[in-house]
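Sequences and hints are given; from them, build the entire structure.
Residue numbers (our numbering), protein chains in the order written: chain B, 1 to 216; chain X, 1 to 216.
Watch out, some of these pointers could steer you wrong.
One copy or two, either will do: identical chains are not told apart, so a pair holds if it fits within one copy or between any two.
Simulated pairs of lysine to aspartate or glutamate, EDC-like, Cα-Cα distance not exceeding 16 Å [stated by the list, open to error]:
1) Lys51 with Glu132
2) Lys59 with Asp47
3) Lys106 with Glu147
4) Lys159 with Glu180
If you're looking for bench data, these hints aren't it; they were derived computationally from the structure.
There are 2 protein chains.
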Amino acid sequence: MTIRYPNGKLYSPNPTVQKTAKKGKDKDYSFSNRGKTLEDEINEANDYYVKRRLAIIHKKPVPVQIVKVEYPSRSAAVIREAYFRTPSTTDYNGVWNGHYIDFDAKETASKSSFPLKNIHVHQMTHMQQVTEQNGVAFIIVRFSAFERYFIVPYDVLQKAWLAMENGERKSIPFSTIEKEAFEIPTSYYPRIDYLPIIQQLIEAKSHGSESEEIVE
Amino acid sequence: MTIRYPNGKLYSPNPTVQKTAKKGKDKDYSFSNRGKTLEDEINEANDYYVKRRLAIIHKKPVPVQIVKVEYPSRSAAVIREAYFRTPSTTDYNGVWNGHYIDFDAKETASKSSFPLKNIHVHQMTHMQQVTEQNGVAFIIVRFSAFERYFIVPYDVLQKAWLAMENGERKSIPFSTIEKEAFEIPTSYYPRIDYLPIIQQLIEAKSHGSESEEIVE
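Right under this line is the structure:
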């Protein structure tokens, strides 16, 4: 069903648009980015991958605790009372070429570092567990000041997290990100084509473990 | 925080218990099963696996379209209007030993067959896509009349689905399930320890493809 305004424009009840508009107020998006959130950009890439059958990666729904539901006659059930719950995992997961892919998306306005307070303890635990099961765990970080995107592998996060727990700095310097993370170049569509970068990450990991074997 | 009743029993605010009690009314559960839903049983197994770091498999949250949220001062945000959305994937996914695991849980009261109307088209599409990416896709079916559980691999579902589309029967006979699916024996805890059965399924698949190669 489509609704048209008298001026011929389509009415779009898409909640993402509202969210973007709201976020756009306090952020200086470049025109090329058209005010998209990082979530929008990742969803765009995921849709692209699913349609072309390149990878099957989806965002998990927001977890809510439903308390009260009304069932009006002859219409859909309406949730009248519900609360947001803390997610116990990361937001995105799926499969690519036999690999289990698991990640979260984080954005920072900082120009000098990625603050670790952006990551929750339960997310670190989850990524640790995924890594133990030979899944591929990472975060996609957007440095909004530079419009640069990076895949930060779990082992890089873990190293910084342990250092923080030992009283060292509470963030990963941008220079470390540039050196140890994998940059996602931006393009027209999808804006962040992160799949080839995951492939790089997996190849780097398997080469890393091979050379370790040689050393032994 | 734990709350104890005067009789010493723990107060459990677990919403799953209510749900089970409601469902229990119209279902004849055996005592050993203690009125648990299939979802409860799978969650129990998943908790067991995560705690022992055997596999990381979670149920996805129920997707809801949030329309109205209130922010009362000094308390949590309350969702005041939301609607259930149709999930575009299956309910459970995760990783075990490098394998991407993806499934849905289905229950039937039928004693003779598993009706295919229990599966949605979008779930078949999703399982097809997962299979193409070398993920492991299946459904766990509970035949409540017998209290028997089976892992039905996607290829068995697909064959039956295609037959249905060609005008043949709209269900998988129980005899076919017994022959082509993998039964999950029940035990005390977790009641349905399905992980070793997934291992069987993966081994059967890899042997299957090996013998096909020999034929060629």
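Status of the hints after comparison with the structure:
Taking CA atoms no more than 16 Å apart as the test, lysine 51 paired with glutamate 132 passes between copies only; the shortest distance there is 13 Å, against 31 Å inside one copy. Within a single copy, lysine 59 and aspartate 47 get their C-alpha atoms as close as 10 Å, which meets the 16 Å cut-off; across copies the closest is 22 Å, which misses it. In this assembly of identical chains, the alpha carbons of lysine 106 and glutamate 147 lie at most 16 Å apart only when taken from the same copy (13 Å versus 45 Å across copies). For a Cα distance limit of 16 Å, the shortest separation of lysine 159 from glutamate 180 inside one copy, 11 Å, qualifies, whereas the shortest one across copies, 47 Å, does not.
In summary, this structure violates none of the numbered hints.
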